[in-house]
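There are 2 protein chains.
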Amino acid sequence: MTQTETLNLTFAALADPTRRAILGRLSSGNASVNELAAPFKMSLPAISKHLKVLERSGLITRGRRAQWRPCRLKARPMKEAMDWLDHYRRFWEESFDRLDVYLQQLQAKEKPQKKKRHGKSKK
Amino acid sequence: MTQTETLNLTFAALADPTRRAILGRLSSGNASVNELAAPFKMSLPAISKHLKVLERSGLITRGRRAQWRPCRLKARPMKEAMDWLDHYRRFWEESFDRLDVYLQQLQAKEKPQKKKRHGKSKK
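One line per chain: the protein sequences are A and B, in this order. To convert, count from 1 in the first sequence and add 3; that's our numbering. To convert, count from 1 in the second sequence and add 3; that's our numbering.
Think of the hints as simulated: they come from the structure by calculation, not from any bench. Take every hint as true, because none was put in to throw you off.
A pair counts as met if it fits within one copy or between any two copies, since identical chains are not told apart.
DMTMM-like cross-link-like pairs, simulated, lysine to aspartate or glutamate; straight-line CA separation at most 25 Å:
(1) K44 x E8
(2) K44 x E58
(3) K77 x E96
(4) K112 x E97
(5) K55 x D89
(6) K77 x E97
It should be emphasised that the depicted structure is a prediction, and the values quoted were computed from it without experimental measurement.
Let's have the full structure, built from the sequences with the hints guiding it.
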């Protein structure tokens, strides 16, 4: 799978709240389809469909035993998603920086006004 | 927007390679729809559709001037996505740890064999 395909499938898989909840459940241990379906008011076929999406994206693997095929979390594709997002880190960090600068400017503006009103500034 | 909605829309928006490429382009500066469309062999309406998805997810904002509505990257929803993914960090780090343990076990197995074969171990 190319990196582009991995990102396409991973982000698409993570876009659904049920699939994210399934991954959350699997983070505390492997589980069968029945166990995964229990907390959701969903039919087994509906859960199975979600599991297929997760399996295709490489976010879970399933055991091979016919009756009890436990699902297991595979976090590796999440790392690729995170590495991609990490390139944009400076943009959200910059927004905070800009907010800081703005707040400092507001405070700087406020100080001379206080000076005017009270005739002297508190240091 | 709830955190669940933010994650749904952000991951869905990021699941498309054209949309990721548009965000990449915007990371080097604001751009108009025409400028964004240029590198893609896509019609303006197709690009506009992608921009609408990005705008709805809060990943871009658009200027209000009717003729030239520059798009601007807003990375904030990406931070939410990254924070969500970060909960799974230990799982991909653990896989590496397990690989480390496995390699150490292999090496540990190898050493006594060498000892046997050569009669003495190198320290």
